[in-house]
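Asker: These are the residues of each chain, in order.
Number of protein chains: 2
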Amino acid sequence: MSDWQEITGGVTAPRGYRAAGITAGLKPSGLPDLALILSDVDAIAAGVFTTNQVCAAPVEYCRQRLQAKASTRAILVNAGQANAATGEQGGKDALESAKALGQALNIPPESILIASTGVIGQRIRMDALLSGIPQLVAAASETGSDSAARSIMTTDLVPKSIALETTIGDRTVRVGGICKGSGMIHPNMATLLAFVTCDAVVSTSLWQQMLSRAADKSFNQITVDGDTSTNDTLIALANGQSRTAAITEMGPEAEKLEAMLTAVCQHLAKAIARDGEGATCLIEVQVSGAADDKAARQIARSIAGSSLVKSAIFGRDPNWGRIAAAAGYAGVPFEQENLRVQLGDFLMMENGQPLPFDRAAASNYLKQAAAGEYLKEDTVLISVSVGNGHGTGKAWGCDLSYDYVKINAEYTT
Amino acid sequence: MSDWQEITGGVTAPRGYRAAGITAGLKPSGLPDLALILSDVDAIAAGVFTTNQVCAAPVEYCRQRLQAKASTRAILVNAGQANAATGEQGGKDALESAKALGQALNIPPESILIASTGVIGQRIRMDALLSGIPQLVAAASETGSDSAARSIMTTDLVPKSIALETTIGDRTVRVGGICKGSGMIHPNMATLLAFVTCDAVVSTSLWQQMLSRAADKSFNQITVDGDTSTNDTLIALANGQSRTAAITEMGPEAEKLEAMLTAVCQHLAKAIARDGEGATCLIEVQVSGAADDKAARQIARSIAGSSLVKSAIFGRDPNWGRIAAAAGYAGVPFEQENLRVQLGDFLMMENGQPLPFDRAAASNYLKQAAAGEYLKEDTVLISVSVGNGHGTGKAWGCDLSYDYVKINAEYTT
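As they're listed, the protein sequences go chains X and S.
Start counting the first sequence at 1; every next residue gets the next number (the working numbering).
Start counting the second sequence at 414; every next residue gets the next number (the working numbering).
Extracted from the complex, chain X is given alone in its bound form (with noise of 0.2 Å):
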């Protein structure tokens, strides 16, 4: 049903981006904690950031930055500290790790972007930083997107990474895209940071209006602990090098480009929610019958995120009421008589009224649905209508394990 194929080469895929990672020494670990990805020629840059009060300080620098509308080179991400909650200091670090890239690279600071993840209120080690550098300057590379994925991970256990091809006009245009989550949701290691490259001719204003509909259809639209980072960030940069006819205004050319954009965002989400820090499957929510699509994803947003549905799945119990509690809370208005849910194939409430079903074949749904045996993917489906309206709506989360638990009472200490 769509129009593109998948390729490999992640951010490096499009035309005219190199990248690179490192181990410069960030990480207790000794893993790799240092990335680069890099446009040959200036690209314009379109991003989406936390919402929450206490941002990081690469998070102000880049809002900064794309307010000025400067284009951009290259982005720099480092793992290891988050450089959020550490005060004015912070902000001269973002500033000072630009400079030096700029310098290496001999590109203003202004064409740089800047994005950390780790321990909030922990100084980037900025000794390592500086002199891991010019070796990350010298990896760049057109193969080097694996290499980019895996410096950006903290709690991951796989790196994440996407690209995607189609044609408009005459030219090939494609879209590549990596990212970290994890504990998804999880302040003390930042949380989620994706970055997506571009090829495709198209306007500054247009790139940002794409890129926060396909945020608000993928990252906005997943939940691992319902925490909100200081630090997540998505930036998209599109260069231009496929040479199509420049895209300015919304028509075919741009839904397609947007569309691709949009399922290269939601398969990095998704990637991030079945890595939920502890998950050992994916839950997939479907909302129907809503007045709107907001409303539609904002229930399905609050059945992913319950914790008692999470523990339910976990437990492979078809606790079908939690389901319909955690749509009550949403705080989108419906009447109660027109609830609809499922689980997998089993209907068990219709017009607010409770199905008899059975409680074992279902249980089985959720253990056979998590260990991968129905879809490619281990994926739990709930289906959910709450009325007669035309808003349909997606959200992706994680069962709630016992190893989350113990993941978060043991990070710091």
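Hints are computed from structural coordinates only; laboratory data are not their basis.
Don't be surprised by glycine CBs; every beta carbon is placed ideally from N, CA and C.
Any given hint could be a false lead.
To be verified - Taking CB as the label site, the calculated pair distances span:
{"hint": "1", "chain 1": "X", "residue 1": "Glu110", "chain 2": "S", "residue 2": "Glu763", "range": "31 to 37 Å"}
{"hint": "2", "chain 1": "S", "residue 1": "Lys482", "chain 2": "X", "residue 2": "Gly372", "range": "54 to 60 Å"}
{"hint": "3", "chain 1": "S", "residue 1": "Gly438", "chain 2": "X", "residue 2": "Arg359", "range": "19 to 25 Å"}
As the list claims (entries may be wrong) - Covered stretches of chain X, as calculated for chain S (at least 3 residues, CB under 8 Å):
{"hint": "4", "region": "53-62"}
{"hint": "5", "region": "85-98"}
Assemble the complex: chain X is given as a structure, and chain S must be docked to it using the hints.
Answerer: Coordinates of chain S only, in the frame set by chain X:
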């Protein structure tokens, strides 16, 4: 400072009340499961109920009764089945329960309020409930509060009860209360039920205003897992048996009564948070410097509800960055450079700047506070200031342990 004293007797401490709890056979466990609170004379009633769109049949029933401003004689409470998401049949079951109790007490069914707690989506075992009513009525006594408190428990580890006494004019006035919570915001177990009795002479509208304000400073400020139940119910009766002059508007006497009512509600609310599923300690969050009390309460609730803060406290990890982050996503604007964070006596951030502190000593504070070695109670104190405003607020929660997941993963299966 407070001009009341604690007395024994729970909901039967105020004059003119009786209570009872029996085993009617509603819970599979065979534990007590049916409770009655009875006023010898007509009482006025105020109520605060769940905001969940999916609300239980007894909640709808009580809302209708309170709207009709009917005088109240009795509250019937069953544990075992929540009578939520039970469709039309649920409403019929609630009506039939009230009718049966009315016949046994020889009072109109309109004088009876109803509450349920237990598994969502399950009908009340009506035969067991109906056969239990004569025994329940016969058991009602002036020493029955503890028995009633035990009969409304679900996964609660301890019954929760309090009574306070003060002097208004030359008369003694008493307020008593019992409640259940545990998986506090635990829809499957129907969450929070609280019942308050009082012998003051007070007007219905003033009593409702007092109760709503008291709930905002108590039950609405506790959080165990962020889920909002279908059955949350707080009902307060006032039967006038203290024979004070009528309190019909705010003034010194009304303020005294409201302060005592609030203290009863706060005691019960904290008891619920402390007994949160799997909890090892109570967390009290104090917020100051906000624009108004509502904003302060909202920030306090955000911190007390953060899975990451709760996990850190369970790990006895002085991870103040998570506290700052949870303050930041509360939805209340503030300037990051005004943020102050303190854990016990350990000041960790001031004016938005992180401060050096002795990590081992702070971790030791958490260990000792959770063990009850600082206060009379096992309480960890978190203090946050967000600016120079006069708004203050408190919230209470508990830590997040392995056992929370265990209890919730295995509840219905």
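Asker: Confirm or reject each hint.
Answerer: Do the hints match the structure? See the list:
1. X/Glu110 / S/Glu763: 31 to 37 Å: holds, 33 Å
2. S/Lys482 / X/Gly372: 54 to 60 Å: holds, 57 Å
3. S/Gly438 / X/Arg359: 19 to 25 Å: holds, 22 Å
4. 53-62: holds (count 3)
5. 85-98: holds (count 4)
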